[in-house]
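K.L.:
Full structure from sequences and hints, please.
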Amino acid sequence: MTKTYFQYFVLSRSQLYSYRCLYSLSIGILGLGTIGQEVVRQCKAMNMNVWAAVRDERFDSGENLNHSVDNFVPMSRLNEMLTEVDYLVNVLPSTPKTRGLLSDKLHFCEKKKTIFINIGRGDIVDDNSLITAIQNGWLGGAILDVFNTEPLPSTSELWNLPNVTISPHVSGITFAVETIETFLLNLKLYQDGKRLINQNPQLQVKFHQKIPINSNSIS
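Take the sequence shown: its letters are residues 1 to 219, numbered as in the numbering used here.
Using 25 Å as the maximum straight-line C-alpha spacing, the simulated DSS-like pairs for lysine-lysine come out as follows: (1) 112 <-> 44; (2) 111 <-> 44; (3) 113 <-> 44.
Quick list of simulated restraints, FRET-style, between CB atoms: (4) 41 <-> 61: 17 to 27 Å; (5) 190 <-> 17: 50 to 60 Å; (6) 140 <-> 94: 17 to 27 Å; (7) 80 <-> 193: 51 to 61 Å; (8) 154 <-> 19: 25 to 35 Å; (9) 193 <-> 41: 38 to 48 Å; (10) 155 <-> 99: 17 to 27 Å; (11) 160 <-> 57: 34 to 44 Å.
Note that these hints are calculated values from the structure, not bench results.
We treat Cβ as the ideally placed atom computed from N, Cα and C, and that holds for glycine.
P.N.:
Next comes the structure, spelled out in structure tokens:
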């Protein structure tokens, strides 16, 4: 965000202002789960034209489709959506069917110079394909919160691209009070030798001994 603001600041020094009204723009969403549905809600509040790509079987059945979405396409016709949207948001999880889904398709975004926003999983597109799409101008830019390798290596070319904004996998809404309460609860559970809540199996660390903590300091 700071990077983008600085670019606008530089333009303003020359009395140049570039902006687009959201109500005149279209957005494509990959993934219509809880997060995707919230993206739809907020975009429709801004009167954007909303597209969504869903699994072929879901498209064919017509069930559980959000009526706020203006245009649906099945994944087998994803290219149709990519040629029509100004923004593309990925909120898909990492599965065998989603890995590399966009790697050979980003050239379809050239018509609109689509801005790619990734808050799902990084492996929706391989790094080389993403960098090529940005450098070739197929994508107008990218806002990336997730990557194939996390944290993003300092040697990645993505750091050097002027129209790329990078954040360290923090796009989820965090409520400070609830976070602290969860931490304190987990701390007590840990000291009691009980199972913690909200565990991520991929990030679990096995401790050979407990960390000594003064229980009097925990309220």
